[in-house]
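Colleague: Spelled out, the chains give:
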Amino acid sequence: MTTRARRSKVEVAIGVLGAALTLLALVAAGARFADTAMFAALPTIGVFFVAIVIGEIFRITLPGSRRTAPLATAAALAFAMTVGSTQGVSADFNGPLVIAVTAVAMAVGSIPNLIRRKRVRLPDLANRLIGIAVAALLFREVPVWEGRTVLDLQTAWPAYNLALVMLLISAIALTVEIFLMASLRAARSYAPLTRTIQDEFRAALALSAALSATGALVALAERPLGLVAIPLFLFPLFLTQFAVRRQSAIRRTYRQTIRTLSRLTELGGYTEEGHASRVAALSMSMGHELGMSERDMLDLEYAALLHDIGQVSLTEPIPGGATVLAAPADQRRIAHDGAEIVRQTGVLDKVAVILEAQTTPFRQVREFGENLPLSSRIIKVCNAYDDLAGDSPDSAKRDAAIERIHLGLGYEYDPRVVNALVRALARSDQ
Amino acid sequence: MNETVSKGRPPSAGVPPHGVATYIAVVSLSAVGLAVLGWLMHPLKQDDILALVVLCVMGLLSSSSAESNIGGRIGFSFTSIILLSAVAILGPFGAAVVGAVTYLLVVKTDRFQVRVFNSAMASAIGAVGGIVYLLVGGASDVTPVGGGAWPLLLGVGLPLMVADVAQCLSNAVILSGIVRLSQGTPIRRFVLSMLGTSGPIYIGYGVIGFLFVVLWIPAGVGPFSGVLILAPLFTARWAFVQYGDEQRAHTRTLSALAAAVETKDLYTRGHSERVALLCELMAGSLALSHQATEVLRFAGMLHDIGKLAVPTRVLRRADRLSGEDLGTIATHPERGVEMVRDIEFLEGSIEAIRHHHERMDGRGYPAGLRGEEIPLFARVVAVADAFDSLTTSRSHRDAHAVAEAVAELHRRAGAQFDPTIVAALERGLVRHLWEPTRLEPRLMATTGRAFDHDDPAASDLMAGLASSEPAGSESDGADPLLAREAAP
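Chains A and B are the protein sequences, given in the same order. Using my numbering, the letters of the first sequence map in sequence onto residues 376 to 805. Using my numbering, the letters of the second sequence map in sequence onto residues 96 to 583.
Please note that the accuracy of each hint is not assured.
[Stated by the list, open to error] A few chain A residues that don't get close to chain B, going by computed Cβ distances all over 10 Å:
1. E386
2. V479
3. R570
4. T615
[Claimed, not checked] Where chain A lies over chain B, by a calculated footprint (3+ residues, C-beta under 8 Å):
5. 142 to 149
6. 208 to 214
7. 309 to 316
8. 395 to 406
9. 497 to 511
The hints are simulated quantities; they were obtained by calculation from the structure and are not laboratory data. Even for Gly, the Cβ is constructed at its ideal location relative to N, Cα and C.
Using the sequences and the hints, build the whole thing.
Modeller: As structure tokens, this is what we get:
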């Protein structure tokens, strides 16, 4: 399909940009490498190189499977903004050298992850490198005032002024990175770009604040402390990284628990094997398609996984667990019981609301102006489709299921959601 | 963690004993004394006023936003960092002032007494840190130390670390006094437990405090360094708070869904919650660690989750169950394990769920394990399970009183239950009032004479079926010999 080809171009474009940047930087830095002054800067460059490699090895995964390496990014930002000091820190290197060294360090740091068979995505790395390049060029190369760069100008500034400028430059660099990341994710999930930009900012804001501050911190502390400042001042960020890691670990555990619980009805013989997870997967791709926010998507996922939980209160299982074939009153009761169970948790109220409304026909919205959550409408359609088609590869059965859903278009089902279903199915066939 | 007395733990329950008031007065006077001593050692200079104001404001902000309970018992206290940095930036007197201001003006609805105590304690801690810092040769004025890693590390970093330890110790000692007076906890035990939990965090505070000072004076960033240093920490705390929320949400979700299983079986409504509570109680008597208690609690909560795979008609059968039905019910521990084994953090609970119907005499199910072969947690869940069943009303009998139920468990100790666990339950019940659960008659009417597999008598019935011996020969489990042997 043409959209897929067009969209994956974003990945290729960012990858190529990153590679080109690395190459150019290597050439530009290599041209100056013969300078004798460069040798004085070698210890500084070396320490930063090691810091970035280590940071890259200990990368973390944020909620929403965002891979990032806070320590590496902060070290690279500090590298880009190093001003040199009398304590053995030389700043006698240019922007391209920062970019080239960072690129090599990121590549070296990724090797252990590759060996441990963890996925390394080149566009993600390229993306972070571009962010660092922005900081390095803004600080060391771009003439901002009467042909002089920030690096030239800062000698006349008081420290807090320099600190502010450093924060500003880090913020710009990280913003660029967030924008690029958002376009990458939009391409991957077929979601609208405006939506992924919002999601990306929300997800990255807290950590980015910590990163910009730490970048500035290290660069400033090098002046009195020398190179010791690099490991020392990365320590607060190390705590941050530890906390963020635990946060995303518990988020993963939570998801895992909900996934397992969604299988309770299957193991109890109420629903068909894999029904809940198929409905969840299909709901998610439709949610992306319909431009839902990441927060809403999480509720949608949980609701889709738990949509049949109400069946545990049935005395006798429904044949095949297919609620679409049950009487409307029974469907409503199951939905209600499910919502009650989920409401008991006290923390999944939104999910309960979605579950409560999952059987409501779409005409209630049209005729009575009832407020029906989009997630409920999605689950209704997905559940019907999966009850009718199952995971059968038989395309005739699937067409029949779609046809039957089309019969209820506008009355039972939201036409916009059904369209999204058709598109999502067409894509998954490729 | 700069631990303070919080609202959740008032220095006294009800009427304050006069000892508490005296103690607070003593602490306040010592704080003033220490501040005066600090002034004599290193008076505040005029240029320090701006720094003093900034640090006080930062202290106030941090104490006002402090999260008293972050899940997983991890937390940062920015106040400790600020108090420590004040030691090097301002000296002992300044640190004492920062400490006093931080808690005296705090925007919280603490009682006046609590506020005065916390303020006096923080002030004393600040002064002690400052005095120790100067005594071990910390640079009273950081500026002339100049640059260079070694001079700064030796002249500021190391003394600051010593001051940090002193602050940690004085925090623990002062706090232990008030807890001793108001709650009777022995001073030594309190100090040790507090050093165990917040000691390591204090090392972190020491490092960060040093970074703060370096950035403030030698790097020349001044008050603005607060923003830079605290930004990553703030993010860390934000993440920890999120972590705590998420963890609580997770626990609640699990327990609510465990309760969902009970909608199938009206008899057992609230059963898993109560068994979890009983397990927690016994974990206390058995002196289990925090983590082991959690594992045990989840095992108790989820022990019957496998009943979801048992057809409702069997669970609600009004007439007598056939041997086949009993066989079906007996599969529930294994089915439960199947259901939750993919949840990694329940790893430790799995064996307890699998074996919670084993008997000490080896006639239980599913594996027929004997005595110590049965995992400890499974033995605990078994006792909790039976105790809750006995103290809940059934259609054919009223709920047993607590003493009766315990006596019944004692009678079965050795044959069915582990005597040490029954004893642990008994100890737990001394500390915690347990009310038998009386179900509404209406509910009982709907369940009819339903079978309760948790009733110890049911265990005998099923043991009888499992072994070829005719059911009932030893079925009342009142084997006097075994019971006598088991009695402690």
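Colleague: Three or more residues of the region 142 to 149 of chain B near chain A by CB distance under 8 Å?
Modeller: Answer violated; 0 residues pass the 8 Å Cβ test.
Colleague: Closest CB-CB distance from R570(A) to chain B, is it above 10 Å?
Modeller: holds, 22 Å
Colleague: Say whether it holds or is violated: V479(A) keeps its Cβ farther than 10 Å from all Cβ of chain B.
Modeller: The claim holds: V479(A) sits with its nearest Cβ about 26 Å from chain B, beyond 10 Å.
Colleague: Report holds or violated for chain A covering the region 208 to 214 of chain B, Cβ cut-off 8 Å, minimum 3 residues.
Modeller: Violated - the region 208 to 214 of chain B has 0 residues with a Cβ nearer than 8 Å to chain A, which falls short of three.
Colleague: Take a quick look at T615(A) and tell me if its Cβ sits farther than 10 Å from every Cβ on chain B, holds or violated.
Modeller: violated, 4 Å
Colleague: Quick one: see if chain A covers the region 309 to 316 of chain B, three-plus residues with Cβ-Cβ under 8 Å.
Modeller: holds (count 6)
Colleague: Please check whether the beta-carbon of E386(A) is more than 10 Å away from every beta-carbon in chain B.
Modeller: holds, 29 Å
Colleague: At least three residues with a C-beta closer than 8 Å to a C-beta of chain A: is that true for the region 497 to 511 of chain B?
Modeller: violated (count 0)
Colleague: Within the region 395 to 406 of chain B, is the number of residues with a Cβ closer than 8 Å to a Cβ of chain A three or more?
Modeller: holds (count 4)
Hints 4, 5, 6 and 9 from the list above are not met by this structure, while the remaining hints are.
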